[in-house]
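**Q** Input sequences plus hints: build the corresponding full structure.
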Amino acid sequence: MTNFTENTQENEVTAAQAAVTASELTSSGPEEDVVISSYLVSTFQGETAQAAEAISQIAGVEVHETHDTTLVVTIEAPTIAASTKVATEVNLTKGVVTVRLIFANFEDDPIIKRQLEINRAKKVLEDELEKQQAK
Amino acid sequence: MEFSRRQFVKTSAAAMAGAAAVGTLGALVGCDDENGGGGGGGGTTKDGVTSVTVCRYCGVGCGVLVTTVDGVITETVGDPDNESTLGALCVKGMHLASLLYCDGRLTTPLIRDDSSTKGTDGGLREATWEEALDLAAGKLRDTWKNDKSRLAFWASGQMPICEGYILSKFWKAGMLSNNIDPNARLCMASAVVAFMNVFQTDEPANCYNDLDLADVFVTWGANMYEAHPVLYSRLEARKNHGAGVKHYDITTLGTQTSKSADKVLIMTPGSDNAIANAIANYIVVNELYDQAYIDDHLVFKTGTENLGNNYDDTYDGSDIGRAVGAVTPCTFDVYKERLAPYTLEYAAELSSVSAADIEELAKVYADKNTKVLSLWTMGVNQHNRGVWMNHNIYNIHLILGKYALPGCGAFSLTGQPTACGTAREVGTFAHRLPADLVVNNPQHRRFTEAVWDLPKGYLDDELDDDDEPIPGTGIATPGKHTIRIFQDISKGNMDFLWSACNNWAVSLPNLTRYLGKGDQKGIYDTFIVVNECYPTLSTKYADVVFPVAMWVEREGAFGNAERRTLVFEQAVEPPGEAMWDLWVYLQMAVRVLEGEKIDGKDAFDVLFGFIWDKEAGDFVGSQREVNQRIWDEYLIFTNPGLKKAASDIDLDVDELFGTKNDEGVYTPSKLKMYSKQMAPYEVYLNSHGLTWPVREVNGEWLSTKWRFCDGKQEDGFDEEGIKMYGKDGKAGVGGISYYKSAGLKPSVVFRPWEPPAFMPDEQYPFWFVTGRLLEQWHTGTNTALIPALNNTLPDSYLYMNPGDFDAMDLKEGDEVVVTSHYGTVTVKATKQQRVECPPGVCFGTFFEESRLINLVVQEIYDPISKEPDYKKTTVSIVKK
Ligand code: SF4
Numbered sequence: 344m345t346n347f348t349e350n351t352q353e354n355e356v357t358a359a360q361a362a363v364t365a366s367e368l369t370s371s372g373p374e375e376d377v378v379i380s381s382y383l384v385s386t387f388q389g390e391t392a393q394a395a396e397a398i399s400q401i402a403g404v405e406v407h408e409t410h411d412t413t414l415v416v417t418i419e420a421p422t423i424a425a426s427t428k429v430a431t432e433v434n435l436t437k438g439v440v441t442v443r444l445i446f447a448n449f450e451d452d453p454i455i456k457r458q459l460e461i462n463r464a465k466k467v468l469e470d471e472l473e474k475q476q477a478k
Numbered sequence: 004m005e006f007s008r009r010q011f012v013k014t015s016a017a018a019m020a021g022a023a024a025v026g027t028l029g030a031l032v033g034c035d036d037e038n039g040g041g042g043g044g045g046g047t048t049k050d051g052v053t054s055v056t057v058c059r060y061c062g063v064g065c066g067v068l069v070t071t072v073d074g075v076i077t078e079t080v081g082d083p084d085n086e087s088t089l090g091a092l093c094v095k096g097m098h099l100a101s102l103l104y105c106d107g108r109l110t111t112p113l114i115r116d117d118s119s120t121k122g123t124d125g126g127l128r129e130a131t132w133e134e135a136l137d138l139a140a141g142k143l144r145d146t147w148k149n150d151k152s153r154l155a156f157w158a159s160g161q162m163p164i165c166e167g168y169i170l171s172k173f174w175k176a177g178m179l180s181n182n183i184d185p186n187a188r189l190c191m192a193s194a195v196v197a198f199m200n201v202f203q204t205d206e207p208a209n210c211y212n213d214l215d216l217a218d219v220f221v222t223w224g225a226n227m228y229e230a231h232p233v234l235y236s237r238l239e240a241r242k243n244h245g246a247g248v249k250h251y252d253i254t255t256l257g258t259q260t261s262k263s264a265d266k267v268l269i270m271t272p273g274s275d276n277a278i279a280n281a282i283a284n285y286i287v288v289n290e291l292y293d294q295a296y297i298d299d300h301l302v303f304k305t306g307t308e309n310l311g312n313n314y315d316d317t318y319d320g321s322d323i324g325r326a327v328g329a330v331t332p333c334t335f336d337v338y339k340e341r342l343a344p345y346t347l348e349y350a351a352e353l354s355s356v357s358a359a360d361i362e363e364l365a366k367v368y369a370d371k372n373t374k375v376l377s378l379w380t381m382g383v384n385q386h387n388r389g390v391w392m393n394h395n396i397y398n399i400h401l402i403l404g405k406y407a408l409p410g411c412g413a414f415s416l417t418g419q420p421t422a423c424g425t426a427r428e429v430g431t432f433a434h435r436l437p438a439d440l441v442v443n444n445p446q447h448r449r450f451t452e453a454v455w456d457l458p459k460g461y462l463d464d465e466l467d468d469d470d471e472p473i474p475g476t477g478i479a480t481p482g483k484h485t486i487r488i489f490q491d492i493s494k495g496n497m498d499f500l501w502s503a504c505n506n507w508a509v510s511l512p513n514l515t516r517y518l519g520k521g522d523q524k525g526i527y528d529t530f531i532v533v534n535e536c537y538p539t540l541s542t543k544y545a546d547v548v549f550p551v552a553m554w555v556e557r558e559g560a561f562g563n564a565e566r567r568t569l570v571f572e573q574a575v576e577p578p579g580e581a582m583w584d585l586w587v588y589l590q591m592a593v594r595v596l597e598g599e600k601i602d603g604k605d606a607f608d609v610l611f612g613f614i615w616d617k618e619a620g621d622f623v624g625s626q627r628e629v630n631q632r633i634w635d636e637y638l639i640f641t642n643p644g645l646k647k648a649a650s651d652i653d654l655d656v657d658e659l660f661g662t663k664n665d666e667g668v669y670t671p672s673k674l675k676m677y678s679k680q681m682a683p684y685e686v687y688l689n690s691h692g693l694t695w696p697v698r699e700v701n702g703e704w705l706s707t708k709w710r711f712c713d714g715k716q717e718d719g720f721d722e723e724g725i726k727m728y729g730k731d732g733k734a735g736v737g738g739i740s741y742y743k744s745a746g747l748k749p750s751v752v753f754r755p756w757e758p759p760a761f762m763p764d765e766q767y768p769f770w771f772v773t774g775r776l777l778e779q780w781h782t783g784t785n786t787a788l789i790p791a792l793n794n795t796l797p798d799s800y801l802y803m804n805p806g807d808f809d810a811m812d813l814k815e816g817d818e819v820v821v822t823s824h825y826g827t828v829t830v831k832a833t834k835q836q837r838v839e840c841p842p843g844v845c846f847g848t849f850f851e852e853s854r855l856i857n858l859v860v861q862e863i864y865d866p867i868s869k870e871p872d873y874k875k876t877t878v879s880i881v882k883k
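Chains R and G supply the protein sequences, listed in that same order. Residue numbering for the first sequence follows our numbering, starting at 344 and increasing by one per position. Residue numbering for the second sequence follows our numbering, starting at 4 and increasing by one per position.
There are no misleading hints in this set.
Capping the alpha-carbon separation at 16 Å, the derived lysine to aspartate or glutamate pairs in EDC-like fashion look like this: (1) G:K831 - G:D817; (2) R:K466 - G:E576; (3) G:K733 - G:D713; (4) G:K617 - G:D605; (5) G:K148 - G:E597; (6) R:K465 - G:E576; (7) G:K647 - G:D456; (8) G:K366 - G:E290; (9) G:K673 - G:D657; (10) G:K524 - G:D491; (11) G:K883 - G:E815; (12) G:K726 - G:D713; (13) R:K465 - G:D73; (14) R:K456 - G:D106; (15) G:K831 - G:D812; (16) R:K456 - G:D73; (17) G:K374 - G:D218; (18) G:K647 - G:D635; (19) R:K465 - G:E580; (20) R:K466 - G:D73; (21) R:K456 - G:E5; (22) G:K459 - G:D655; (23) G:K831 - G:E815; (24) G:K673 - G:E658.
To be clear, the hints were calculated from the coordinates, so they are not data collected in a lab.
**A** See below:
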């Protein structure tokens with residue numbers, strides 16, 4: 344059993360937490376669907392720079408600022424699911440203590456897009472019905 | 004997304020996180036509070052509408068601003084103005100919106116015509132609301148008229164406050180039934196009982212700010228990293244920045260929380276009471292306690308011991324079962340004597356934690372210059388001596404004078420978003436009325452009758468020919484607790500069950516019995532109604548399913564673990580024919596109470612006429628107006644001055660409930676209802692949550708963060724409460740005055756160590772502990788549908804010690820058969836170290852419907868709180 348008495352982070356990726364493939368994430372054009380989120384990533388004292396470097400290597404991740412031991416990070420991914428995988432990978436990076444979600448825009452996520460289409464189509468129908476009733 | 008917009012959103016995202024890092028997110032996304040808290044601000048979408056809400060997952064209660072475009076939520080931002088969480092969310096916050104739009108949403112009422120199809124995937128057909136309501140209400144009314152001991156409601160800590168309040172009123176005043184109990188019985192009941200025993204008021208005195216102030220954290224049976232992620236981030240931030248700040252983790256297995264703790268004490272399951280008593284004993288033997296504080300603030304007691312366990316259904320009615328809650332006053336010396344056997348060595352022997360480690364922890368607690376914050380959750384509460392362990396943590400803090408102070412105290416964390424706000428505060432427990440009142444206290448019933456405009460004595464039991472009360476005729480006798488309800492269902496002794504905001508078919512222990520596996524009878528004879536948003540295992544057993552609104556599809560209010568009440572706005576419409584739960588409760592009530600009278604007047608109108616127009620068959624106004632009216636009534640419970648009849652009973656003006664001494668001097672019995680004071684509804688609408696008691700000072704409503712601790716109200720201290728009910732000049736720092744406790748003195752009750760109900764033996768050699776992991780929340784109904792979360796943690800593995808795993812020649816993912824005294828289940832085994840089990844201990848999560856680990860979990864509960872012990876089932880494990 345791991346020696347729990349030391350202040351260490353094991354950071355192993357479990358079988359169920361498979362890494363995101365680059366193809367899932369790589370952006371190839373200006374009109375791509377993208378879910379954009381931002382996080383505060385807390386790191387252990389003395390491990391901040393190393394953690395920032397490792398995190399910035401993950402596809403879709405950008406480290407924008409460092410405040411003491413806290414990193415300001417954005418994640419771009421095509422879906423909420425892919426975005427969550429990346430966040431998990433960030434969380435499991437050596438030197439990272441915790442991640443806190445601050446903002447998420449998911450208007451391009453397929454589930455949300457589908458719902459937007461349904462609501463917009465419904466609105467058109469309702470407006471049409473209203474017009475007909477008015478006649 | 005167009006490139007330029009993408010750049011804009013990304014830049015905004017980075018700016019928001021950057022602002023959050025330096026505490027200025029509020030300035031960037033702050034809300035236009037004049038428009039009901041939301042309506043503007045936040046978000047990157049110009050024509051979107053922003054609403055102030057709160058996360059619907061765990062008990063942390065993170066504030067969330069949601070942006071809605073064309074009736075769909077497209078963006079979330081952590082609410083920087085919510086003082087509980089200051090703009091932070093965990094990964095689950097990302098999925099709050101998609102939760103509303105997953106496949107399979109229930110949008111039409113469903114009816115099961117053939118009860119033999121229960122437990123299968125089929126058998127439910129679509130119906131109209133009229134048909135479903137008539138059927139369900141007809142069954143409820145028939146049962147009520149025939150024998151009301153045979154009906155029950157299973158409520159929830161996920162039910163918004165006003166909904167829970169009206170439901171409780173329907174059950175307790177409408178049908179005069181106490182057979183209503185929440186799923187909080189499964190998670191918080193032990194904490195509730197201990198709060199009432201020790202302080203005579205429920206819920207913590209401390210607050211989340213203490214996570215920024217403590218010098219030492221002690222987690223007892225709490226995996227905060229996974230179960231309270233945002234609070235854990237706060238704890239870690241304090242540790243990372245505060246010089247010398249330490250974290251001790253006391254646990255039966257290594258968790259992600261343990262991995263960053265400074266010291267981990269791995270104990271034998273069930274030995275925590277021995278460790279806590281050894282710490283208290285060390286403090287008294289070495290005279291490290293605060294004698295002046297003890298003299299001024301505390302009383303000592305002993306209680307019934309040798310409680311045994313509920314090995315069968317007769318326990319509650321047995322001699323010991325009826326005596327479990329009794330206590331007797333004693334002296335500090337007697338308390339010391341009772342602690343004496345708990346030497347460091349004895350505790351070490353029972354717990355496997357070294358005597359040196361227990362001593363180190365005792366010294367840390369006792370250090371006068373160290374602010375210690377104890378935190379606990381289910382490891383302490385879901386325990387056959389859970390009430391006792393809650394007591395024993397308070398005992399340590401109280402004899403040291405270290406409670407209710409900034410950064411220093413004992414904090415019981417909740418698991419559900421409104422376990423405090425609803426399950427505990429509005430009276431959905433079988434023994435409770437709103438605002439900590441209890442059914443078996445006549446003054447409490449009189450007070451409730453006054454608020455509810457009921458005739459005096461209406462809630463009492465009827466009297467027989469000898470003027471003796473007939474239990475169950477009124478509500479003077481507590482109703483059936485959760486496990487009793489389901490035991491009775493499984494024996495064919497219940498005819499009607501209704502549930503909402505929970506999934507009992509997955510979360511109950513001993514599902515082998517309740518789901519009728521093997522030779523068990525199960526629940527097939529009971530007519531079951533379920534309010535739900537998506538199909539669950541519970542709907543597979545339902546006769547009627549009512550499709551209902553979810554999260555921000557209606558306006559509501561939640562109360563989180565630090566006493567913060569927050570109103571969340573309706574942001575989107577429910578889909579299809581799904582309705583607000585409150586609408587369903589009132590549609591049922593109008594049918595069930597048809598023709599009933601209270602004092603010659605229409606019963607429904609007396610109880611609910613202020614929110615429902617019977618003629619029109621609808622609410623009297625908008626959701627906002629209805630919530631406001633309900634809140635206005637509920638507000639009287641904690642502001643009795645709003646209604647003279649209630650105020651008179653609160654103050655015992657008529658001298659009915661107090662005591663007279665030998666000289667004939669009367670001491671009134673004052674309820675002190677302002678001790679839980681809430682603010683008017685509009686105050687919540689224009690804020691981002693307030694922690695009660697909320698006090699009006701110079702026209703402004705102010706939170707209390709540290710109850711019983713004196714200081715300026717505007718700084719979060721309990722200035723007004725102490726002025727109203729407390730006493731100045733008592734010993735100890737902080738001007739503490741425990742004004743709600745009898746004689747202003749909380750109780751230190753000696754609670755011994757007693758063994759678990761079962762110990763590992765040849766037949767069942769492993770301890771089996773159950774719990775939660777980050778991505779899946781409770782029974783999975785709100786997480787397993789979401790691919791992102793479910794793919795991260797798709798299976799409910801049995802986590803095993805690597806040595807035990809290898810000894811059984813297992814490979815990752817091999818199926819194993821787990822068997823206990825209660826049942827059998829097949830699961831996949833792993834030795835992955837997300838959970839690090841000591842030899843002889845294994846762990847499993849309970850979210851997965853296809854691998855119901857609660858089939859094997861014991862039905863043993865704490866004899867006092869009746870909360871099941873999910874942490875200490877003994878099992879065998881065999882490779883399949
Ligand atoms: S699940 Fe809990 S910690 Fe996570 S965002 Fe919701 S309330 Fe906060």
